[in-house]
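Colleague: These protein sequences, in sequence, are chains A and B. Oh and the first sequence: position 289 is 289 in UniProt numbering, straight run, nothing missing. Oh and the second sequence: position 8 is 8 in UniProt numbering, straight run, nothing missing.
Please note that the accuracy of each hint is not assured.
Identical copies look the same in the list; a pair holds intra-copy or inter-copy alike.
[Claimed, not checked] Using 25 Å as the maximum straight-line C-alpha spacing, the simulated SDA-like pairs for lysine to any residue come out as follows:
#: 1; residue 1: K356; residue 2: E131
#: 2; residue 1: K356; residue 2: Q371
#: 3; residue 1: K356; residue 2: E291
#: 4; residue 1: K72; residue 2: T139
#: 5; residue 1: K22; residue 2: E267
#: 6; residue 1: K22; residue 2: G147
#: 7; residue 1: K356; residue 2: A104
#: 8; residue 1: K356; residue 2: P134
#: 9; residue 1: K356; residue 2: R67
Calculated from the structure, these hints are not laboratory results.
There are 2 protein chains.
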Amino acid sequence: MAKITERSPLAPESFPDLPVVKGVRFAAAAAGVRYAGRTDVMLAHLAPGSTIAGTFTRSATRSAPVRDCQAKIGGEDASDGAAFLVNSGNSNAFTGRAGDESVAALTAAVAAALDLPQSRVFTSSTGVIGERLPHARITAKLDELAGALSDDTIADAAKAIMTTDTFPKGASATVHVNGGDVTIAGIAKGSGMVAPDMATMLVYVFTDAAVSRADLQALVSRATDRTFNCITVDSDTSTSDTLLMAATGASGVEVTAEDTAFATALEDVFRDLAQQVVRDGEGATKFVTVEVTGAASDADARTHALSIANSPLVKTAIAGEDPNWGRIVMAVGKSGAAADRDLLSIRFGDVLVAEKGWVAESYREDMGAAQMRQPEITIGVDLGLGEGAATIWTCDLTHGYISINADYRS
Amino acid sequence: MAKITERSPLAPESFPDLPVVKGVRFAAAAAGVRYAGRTDVMLAHLAPGSTIAGTFTRSATRSAPVRDCQAKIGGEDASDGAAFLVNSGNSNAFTGRAGDESVAALTAAVAAALDLPQSRVFTSSTGVIGERLPHARITAKLDELAGALSDDTIADAAKAIMTTDTFPKGASATVHVNGGDVTIAGIAKGSGMVAPDMATMLVYVFTDAAVSRADLQALVSRATDRTFNCITVDSDTSTSDTLLMAATGASGVEVTAEDTAFATALEDVFRDLAQQVVRDGEGATKFVTVEVTGAASDADARTHALSIANSPLVKTAIAGEDPNWGRIVMAVGKSGAAADRDLLSIRFGDVLVAEKGWVAESYREDMGAAQMRQPEITIGVDLGLGEGAATIWTCDLTHGYISINADYRS
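Could you build all of it, start to finish, from the sequences and the hints given here?
Modeller: Listed below in C-alpha cells is the structure:
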C-alpha cells in the first residue's frame, strides 16, 4: 500500500500558483481504487477545438491505457472537445484482455458523461502492475467528477495522480507571442521507475494557444527530448509512462512549431516538471546535474552522462557525501563511449578535481567534500575529445530508496 | 577504510580444502598499503615452462597494472617461470604516469627477487582509485615474500587480496585426461563494482596440466564467457578486472583446447568462483538465478536477463521478499530486446506466476511469497518467441549495499 511519505528535502517550498488555462477544467475524486482517505482519480475536460499530442513509454510491455492512447493520438481532432482521465493505485498493466476491457469501460463512461466521442477520451493508470483495475469504482464517480469540473482546480488534479510522490508537481509559463498572451500549465507525477525513455512518468500539460495537431506534436517531441528524456532516478522505465498535451486555442492566439518564444516557454515548463520528478526521486537527498562536455559526439556525451547518473556506486557515494571521483572515472570507463584516460578532466561544481588522467595539483579533499555537502551538486566531466555535450539530471541512491521499494508493492 | 564486515549469509561454510597444484607456490604479507592488521599482498611463483593466459576489463579507464598485463600477455613464454603479484587497498588506477612507474618498480623488484625476466611478472592492484600506490611498502616486503613461498598456502593468498569481500573465495577440480590426472585450483576476490564485462574482478587460476599458450587462452576465454561474464552485482564495471591463469605443466599431462573433460572442469571451477563473488555481493541476502528462455536469440535472452538482474526495482523487491512480478514485466519491457506481452510467462522457482500476458489462474500470492523467503531464488522468464536462452546470476539490493558504498571509499 503506497503511502505518501515525508516530503522530499529537495521539494519546492509549495505548489506553484498555476494560472487558469482557458478551455481546460479539472475535477478530482476519491474512488478507492487502492488507496483510502485520499483522491485517486482526476478528470480534465478540454474545450471543443482542442488539439492533442503525446509521447509514451517505449516499453514492450506497456500498459493497456498507453496502447489505447497511442492508437488515438494523431486521429481526427473532433470539434466536440476531449478528456483526460487518470487514476492512481493500479496501473492496469500486464492485465491481458481484462485491461483492454477496463480501458473501454472507462472511455465509454467518460464519453457518455461529457458527451464526447470515445475516440477523444484518453486515460492513464499508475500504480500496481498485474492486478485487474476495479474500473467500476471509477465509473461510479463520473457524474460527481463531471459535475465538479472547474477551471481553477488543477492543484487538486496534481494531488490525485500521486503514488509514492511526496509532493504534487506543477509548473507554468505565460508568453507573449504573435501579438497575444498565451498560457502554459502542467502537472506531473513520478518518483521511481523513472528513466529517460520517452515520457518517463505521467505528465499533463495544457495551453490556451491555438496550435495545429502536427505542430503541437513537433513541439512536444522536441521539448521531451531535451527535458524528460534527460532525467533518471533508478534507470528503470515504467510500463505506463505518458505525456499528454492539449492546446485549447481559447486564447485565440495562433502558434506554430516555428515560434521560438513559445517553444522556449514550453521547454522551460517541461524542464521544471522533469526536475521536480528528480527532486522527488525515491529516497533522494541530493539533486545532481551531470554535465558532460568535450565528447566525440552528443550521443557519446549522453552515454557517459547516463552511465554516471545511473551508476549505483556513484549514487551511493553522493548519498554519503563522499567526493569519490574514482567512481566517476569508473563510470566513464564502463560506458562504452569513447574516452581517453589521459585527456579526461572532472570537476565538482567549480572545483577542478582531476585533469589529464590524474588528480589535479590544486585539488584538496576538503574542497570536494564541501561540494558534496551541498543539496545540489554538479558533476562536470570533460572528455577532451571533441564538441559533444549532454546534461542529465538525477538524484542519489539512499537507504530511503531501499525502504520504499523493498516494502511498497508498486 | 575498508573493513572486512560480517560474513555474507550466502557464504559457503568454509574455505574449500584446495589441492596443491604442482609448480605453483604462494606467499602473503602485510605491507600496510592501506589496511592495518591484515595481509594485503600476495605473490605466486610459477615454475619454469608455465604458460599464461588472461582476460581483462574492457573499461576505457582501466588501471596501469591492467595495461601492463595486457601488453605482456601473449608474449614469449620464457623457460624461466613467471610470477603474479597482487595488492589490495589501492588500485593504482587513474594515477597517470606515476601509476606506470609503480608497475615498473614492482615488476622490476619481483623479477630481481625471483630471478625472472620483468616481462614475465604480472601485477594487479585493487582498492581505492586515484591515489598514488605506495609501492615501496610492497617492494620492501619482497624478500620476505620470496623466502616464504610454499605450495600449500593458496588460502593465505586468497585472504590477502580481499577488499570489501566478507569471505575468501576458492574452488578446485581434479580431472582425468589423456591418461593422467591434472589439478585446477583458483582464487578470486570481488563483491562490488561487479558487472559482466570480461573478468569483472580479480581471479587467479592454476593448473599443472601442460597447455600451450594459445590453447590456454582459448580455454580461458570460452569459460569466462559462460561464467564470469554471466554475473552482475550492481552493473558497475571495475577499472581493474583481471583474470590470470597459469598452466605449469608439472603434471606432465598434455591438454589442448579440444579436451572436453578439462574444459568442463575448468568451466566448473570458474562458475564456482563466479557464483562465490555473487554470494559475497555487497549487502547481499539472496542468491538469484535469472533464467531466460524462448527469446528470439541468445543475445536477446542475455539482454532480458541482464535487464532483470540489474533492475534496482527488481533487486529491492527481492530484498523485501516481495513476489512483485510486475517489476519483472517492467524489466523485460524496458530491455530493448524483442518481447510480446501476450506470449510472456514468468515463474518463481517451480511456481508459474504469469502466462500469456497476465497472472496465471493457478497462482496465489502466498505461493510466490514462499519462494521469495528462500535464500536462493530462481526467476524464470519465457518469451515464447524462439529458442534463445541465457542464465545470469545476481543478488538483491539491500540497505547493506547502501551502507557499504556510502561509507567506504573504494
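Colleague: Which earlier hints can't be squared with this structure?
Modeller: No hint contradicted; all consistent.
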